[in-house]
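Peer 1: Okay, so the sequence shown: first residue is 1 according to the UniProt record's numbering, each after it adds one.
Among the hints, a few may not be true.
[Stated by the list, open to error] Per label pair, the in silico range of CB-to-CB distance:
1) A80 - R178: 55 to 61 Å
2) V190 - G99: 47 to 53 Å
3) M75 - T107: 47 to 53 Å
4) C184 - T91: 56 to 62 Å
5) G104 - N81: 16 to 22 Å
6) T91 - K174: 55 to 61 Å
7) D182 - T98: 39 to 45 Å
8) L109 - M85: 55 to 61 Å
9) M85 - D175: 46 to 52 Å
10) C184 - L112: 52 to 58 Å
11) G76 - K174: 38 to 44 Å
12) G111 - T87: 46 to 52 Å
13) G180 - I95: 54 to 60 Å
I should point out that these hints are in silico values taken from the structure, not numbers from a laboratory.
All residues carry an ideal CB built from backbone N, CA and C; glycine is no exception.
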Amino acid sequence: MLVHTDTPYSNASYGTAGITLNGNVFIKSNNSFNDGTSSWNMPLCMSNGNVTSELLFAFQMNNGAASTSTNSIVMGTVSANDFRMMTNNSTRMIITSTGHVGIGTNTPLYGLHCTSTVSPTIDAGASGVAYFRTSGGLVSTVGPISSVAVGICCSGALVASTGVYCWSDQRLKKDFTRLGDDVCDKMLSVEP
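Generate coordinates for the entire structure from the input sequences, incorporating the hints supplied.
Peer 2: Structure (structure tokens):
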């Protein structure tokens, strides 16, 4: 542990000694941590210590004077590596360095990719139709709907605040008959 310095520890042999505290740890910083190449407004930056392929993880806090938005706290990797969250010593959620989020998968293929026993997958912001499958397997694409950027498509109920596009596939429907003109006339004669 380095105290009262912003100069990184350059000794390649970090050792195994640790610090044990009985109580809270309070870190107060009014300047940036400096890794020797870049400055960030972060009071805590952790490194894996690998000189050739260093991984950096940082907590960045700001009251509006630096690169983050006003009064915000940012947590994540500084280097171009994935950010993983674990439970029971296994990765359960990942944000890749390309911005894909995976829940239940370490290799998300979409903006949000969730896997479980029902394999729900969302393909956001693309043309075409991605939909939930309860049978498992790969997500199918129907379409495309080239005039609409599809955010979420599902066969069940969908709640949206801006709008919902709905369609029907005649290939899946059987035994339909055309309504007679008398039915249409009766519907038009209904008054509220």
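Peer 1: Evaluate each hint against the coordinates.
Peer 2: Hints, one by one, checked against the model:
no.: 1; hint: A80 - R178: 55 to 61 Å; in the structure: 60 Å, holds
no.: 2; hint: V190 - G99: 47 to 53 Å; in the structure: 51 Å, holds
no.: 3; hint: M75 - T107: 47 to 53 Å; in the structure: 23 Å, violated
no.: 4; hint: C184 - T91: 56 to 62 Å; in the structure: 58 Å, holds
no.: 5; hint: G104 - N81: 16 to 22 Å; in the structure: 20 Å, holds
no.: 6; hint: T91 - K174: 55 to 61 Å; in the structure: 46 Å, violated
no.: 7; hint: D182 - T98: 39 to 45 Å; in the structure: 59 Å, violated
no.: 8; hint: L109 - M85: 55 to 61 Å; in the structure: 19 Å, violated
no.: 9; hint: M85 - D175: 46 to 52 Å; in the structure: 50 Å, holds
no.: 10; hint: C184 - L112: 52 to 58 Å; in the structure: 43 Å, violated
no.: 11; hint: G76 - K174: 38 to 44 Å; in the structure: 52 Å, violated
no.: 12; hint: G111 - T87: 46 to 52 Å; in the structure: 23 Å, violated
no.: 13; hint: G180 - I95: 54 to 60 Å; in the structure: 57 Å, holds
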